[in-house]
Amino acid sequence: MSSDWNKDRKIKFTVQDPCQIVRKSFGDEVADDLRFVVRSVVGEENLIEMTPNKSNNYCCGGGGGFLQSGYTDARRAYGKIKYDQIISTGADYCITACHNCHAQVHDLAHHFGGTFQTVHLWTLICLSLGVLGPNERTYLGDDLKEVDVFHPETAL
Amino acid sequence: MSESSIKIKGKKESLFIDKVKEIIPDGGNLNLCLTCGACVSGCPATGLEGMDPRKFLRMASLGMDEELTTTPWVWMCTMCQRCSYVCPMKIDIPQLVFNARAAWPRDQRPKGIRASCDMAMRNDSNSAMGTAPDDFVFVVEDVLAEYQASQPEFADMKAPIDKVDSHFFLNQNSREPVTEPDELVPLWKILHLAGVDWTYGSKGWAAENYCLFLADNDCWEHVTRVSAKQADELGCKVFLNTE
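Those protein sequence lines, which keep their order, are chains A and B. At position 121 of the first sequence (counting the first as 1) the number is 121 in the working numbering, and the numbers step up by one without a gap. Throughout, the working numbering is defined as the position within the second sequence, counted from one, plus 156.
These are calculated hints, taken from the structure and not from any lab test. There's no promise every hint is true.
[As the list claims (entries may be wrong)] So, partial list: chain A residues that the calculated Cβ filter (under 10 Å) puts toward chain B:
id	residue
1	D8
2	R9
3	T51
4	S55
5	R75
6	K80
7	H99
8	L132
9	V147
10	F150
A virtual CB, placed ideally from N, CA and C, is assigned to each residue, including glycine.
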C-alpha cells in the first residue's frame, strides 16, 4: 500500500473508532492497528485525530439499534457531539470501519450540513493499491472520484 | 434520639435492580456507585428524555422500577460502554439498560428494531432485510463474475460460499448485497491480494443482529446459533464479524 496518491493533494482524514471492536472487544491495541493502516493509506501527516479517541472515544449513536429505533431526532441530538468532533478536525473525510458508524456519521453530515465525506476503510485501501474501479466510489467526494481509477472504461 | 431518626423500611421484594444483579456476572457491581458522574460527562445520551446513566442507576437503586422500565431512554442508550469504561467502580450500567429493554412487552418495543429481528427469523440468512440464502448466493456469484470479466487482473479472485475448511468464516452486512452490491468488491479484492483463506456461509451470512438490540434473548440465541453452526459445519477456524 502507498499514500503517494495523497502526497501532493494533502486531503485530510479523521477516523472513528468503532465502540464494538475497540472499547468493547480488543482495546487500544486494535485502535493502533487501525491507525497503522490509515496512516499507510492516507499518509501520516494527513490523519487528524479526534479527541478523545480510541477506548475513550464517544459513540457516534449508530449502535444498539438506534438507527432503526424510530427515535430519529434523539439519535441526531446524540450524534451532535460526534459531528462537532469531526468538524473540529477540519477533515475532508471521516473513515468509518463499522457499518453502523458509517450509516450514522453519513446521516449526521447530511443532517447538520457538514461537507465531509463518510468512507469505508476498504475503499481507501483499494484506492491506495490502485485497484479501485469507477463503480466502487459511491462514498468518495468529487476530489477523489477521478483519482487513479482502475479500469475507467467500465464506468456505468 | 434514635427513635426519631428515619427508619429505612425493609427492602421491597424483587426490585428490578436485584433481579438484574442475579443474572449478570458479579452482579454488575450495581450497588457500588460513588455518584461521581464520570459516566454522565462522557455519555452522548446524557440529557435525552431528562435521563443520564447515573440518574438511571440511582433510580434503580431507589426502586423506581416503573419509571426505569418504561422510559424510552433505554432505546437511546447504545450500550457503548463508555460509562462503565471510565467508571472507577466498573459498574455495568449497559447491562442494566439491556435488561430494562427486555422488561418492555415485545410488541411495545421499537417497531423498526422488532421488524428487523422478525425478518432475521424468517429464514437461515439472519438478514434484517429478509434476504433469502439463494438470493445472497445469486448476488455474490453474479457480481463476482462481472468483476472477473471486466477487471481481468482479478480473473482469479474468489468470493467463496460454503468453502469447507476455510480459515475465516466472514459475515456480511445485508446492505451491500441488497442495495449496493459494488461495495462488496473492495473487500474481496483486499482478501484476494492478501491471500486470505476465507468463506461466506450460505446460511448465517448476515452480520447485523437486531434481535440482540431488541433484547429478545431467544431470537438472539437462534440467529447466533444459525451462524455458529454453519461456521462449525464448514470447519472454519475463525469467525470474522464485520459489524
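We went through each hint and held it up to the structure:
Given hint, D8 (chain A) at the interface with chain B, is violated; its Cβ is 24 Å from that chain's nearest Cβ, farther than 10 Å. Violation of the interface hint for R9 (chain A) is found here, the shortest Cβ-Cβ separation to chain B being roughly 20 Å, above the 10 Å cut-off. For T51 (chain A), the interface hint is violated, the least distance from its beta-carbon to any beta-carbon of chain B being 12 Å, above 10 Å. Interface restraint check: S55 (chain A) against chain B, minimum CB-CB distance 6 Å, threshold 10 Å, status holds.
Interface hint at R75 (chain A): satisfied, since its Cβ lies 7 Å from the closest Cβ of chain B, which is below the 10 Å cut-off. Annotation: K80 (chain A) was flagged as interfacial toward chain B, and the flag holds, the nearest CB pair being 8 Å apart, inside 10 Å. For the restraint placing H99 (chain A) at the interface with chain B, the shortest Cβ-Cβ distance is roughly 5 Å, inside the 10 Å limit, so the hint holds. The beta carbon of L132 (chain A) is positioned within 10 Å of a beta carbon in chain B (closest approach about 7 Å), and the interface hint is therefore held.
Among the interface hints, the one on V147 (chain A) is violated; its C-beta lies about 15 Å from the nearest C-beta in chain B, farther than the 10 Å criterion. The beta carbon of F150 (chain A) is positioned within 10 Å of a beta carbon in chain B (closest approach about 7 Å), and the interface hint is therefore held.
Hint compliance for this structure: hints 1, 2, 3, 9 are not met, and every other hint is.
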